[in-house]
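Protein chains in written order, with the working numbering: chain R, 1377 to 1708; chain P, 162 to 399.
Accuracy of the hints is not assured; some may be wrong.
Unchecked claim - To give an idea of the interface, some chain P residues facing chain R are shown, with a C-beta separation under 7 Å as derived from the structure: (1) F229; (2) R238; (3) T246; (4) M249; (5) V257; (6) N324; (7) E327.
By construction, these hints were calculated from the structure, which means they are not laboratory data. Even glycine gets a Cβ: it sits at the ideal position worked out from N, Cα and C.
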Amino acid sequence: METLRDALDFSDFSRAERVALVLFSLLLLLFPWLGTGSFVKTVVIQFLLFSLFGMGWNTIGGYGGQVELGKAQYVGIGAYTVALMMVWWKIPFWISMPIGVLIALGYSFIIGYPLFRLKGHYFAIATICTSLVLQDIFINWKLVGAAKGIELPIHEHPDFLYMQFKSDTYYFYFIMALFYAGLVYMNWFRKSKLGYQLRMIKDDEEAAQSLGIDARWCKIKAYSIASAFVAVGGGFLAVYNLYIDPYSVMDLDLSIKIALMAMLGGAASMWGPIIGAAFLVPLDRFLGSWLGGQRGLIGVDFMIYSALIMIVSAYQPRGIWGIVEQFRRRDR
Amino acid sequence: MIDLIKDFGGVIANNHISFEIDQGEIIGLIGPNGAGKTTLFNCVVGYHKPDSGKVIFKGKEITGLKPFMTNREGIGRTFQIMKVTAGMTVLENVMVGAFCRTEHRAVAVREAMEILNFLGLEELKGFHLNELPIASQKKVGLARALATKPELLMLDEVASGLNPKETEDMVALLKRIHQEKKITLFLIEHVMEVVMPISQRVIVLDSGEKIAEGLPKEIVKNERVIKAYLGEKYAKGF
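Bound-form chain R, shown alone (with noise of 0.2 Å):
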């Protein structure tokens, strides 16, 4: 019971943060009437789903302090599951996102234990180098489609069971749910027992140490409930893309996407990684298309995309939402 009243309590947040929260949740329930084209609905779903990305990776990589850079072989392990399932053995969604759930979270624990007897960079360079070394396992295994990936097997829309459709406003309404599910757990987890001793552990691991915590212990943990959130969001991708490979979910690039997102918005926070997947999803998106694709400057887009993540690490390091609770602090 303390647990759902945790979870669903917003009243510590600011009356600003509540209405803007309340804006935002009614302008996303109204958002497929409001008649933008496919590309934006695209966008908007994407944004979505790396926010899930973001607010898992926030576990971890925000409140825990740890340089996470190998989520993307937990959307791997959530996707190919979702897939692999389906097209063996007929497993719906609804059993095999959350087997791929069970799995990622007994691969994280397992790759957890040695991987945090590392610290800081060398950490952040083991995370990395787990996702590869996945990666490239998932591109020479045969079975599971190696680098070709895998197709699934198509079924006749609406298909609740397996969550196919051919409207992208059912998979609008698919993620959101999935996103609001992941918003009311951090606001649960950024209260609990484990929020605080993590958020201990980022500022002072020896003192950490000293106050009964068991430091490397709640890392693992909080990077299995990382994991676990981003295999749903694996999951998700599977099911929304239809074709999977090796290159689209399990790619550094992803991973550096994932940790960027939630590190520009400002990590530690409950709206870091919101903000920073709305800032840099459409970025990237429109900028891409639009550089790329019309002005034939190929490229260009990253150097921007680069350059505005400097600039905010360099003037705060605490990311988009560090800026805003700095004038807060200042008029208080």
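Go by the hints and put chain P onto chain R.
Then chain P, alone, in the frame of chain R:
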């Protein structure tokens, strides 16, 4: 009963040091720089593993246990130099300590507030560590260690960086903690004004060896201690 035996071999920092602390005592550990005080301290709380010898706490051997485990056994500690970060407020810092013994946030908040009230820090609860003067930072360190409900509290140079007035405050505070919370205190200290008035027993280290142990009165008259650490002036003044 707290029964602490230490016996190192091979470590130059601490050479065959053994002593006991009884429950409810206040023990001071003094010695010149490099005497091995902090090493000894770290061996007890688990940051270092002693090469040989045993640490026994309440009849249970805790040698080589990790710091978070020794804390769960009932040993709290403070740090000489606290990392001052902007990540958490004072209340949140103390809550982390309280979370050591509970799963519920409401309980953690209540216990943290009790301790903040006890130490007179309730007005600072919304501040971040980096916004506080050093004396208050040290008290927060004390508060969060107390929140873990230790039976033995080990204080690493709790008065370093404090001015005489603040030092006096701190001594009074330590006395109150000892009396009202019934916690055994073990102080590593450079500042004689802290050790001498409150310690019931003082242990002196020099070059990794225990050179004296006894009542503060006796220690200041001890030849070896005067030579190694206190200097003639202090002994006369006492």
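Hint numbers the structure violates, sorted upward?
Hint check: 6 and 7 fail, others pass.
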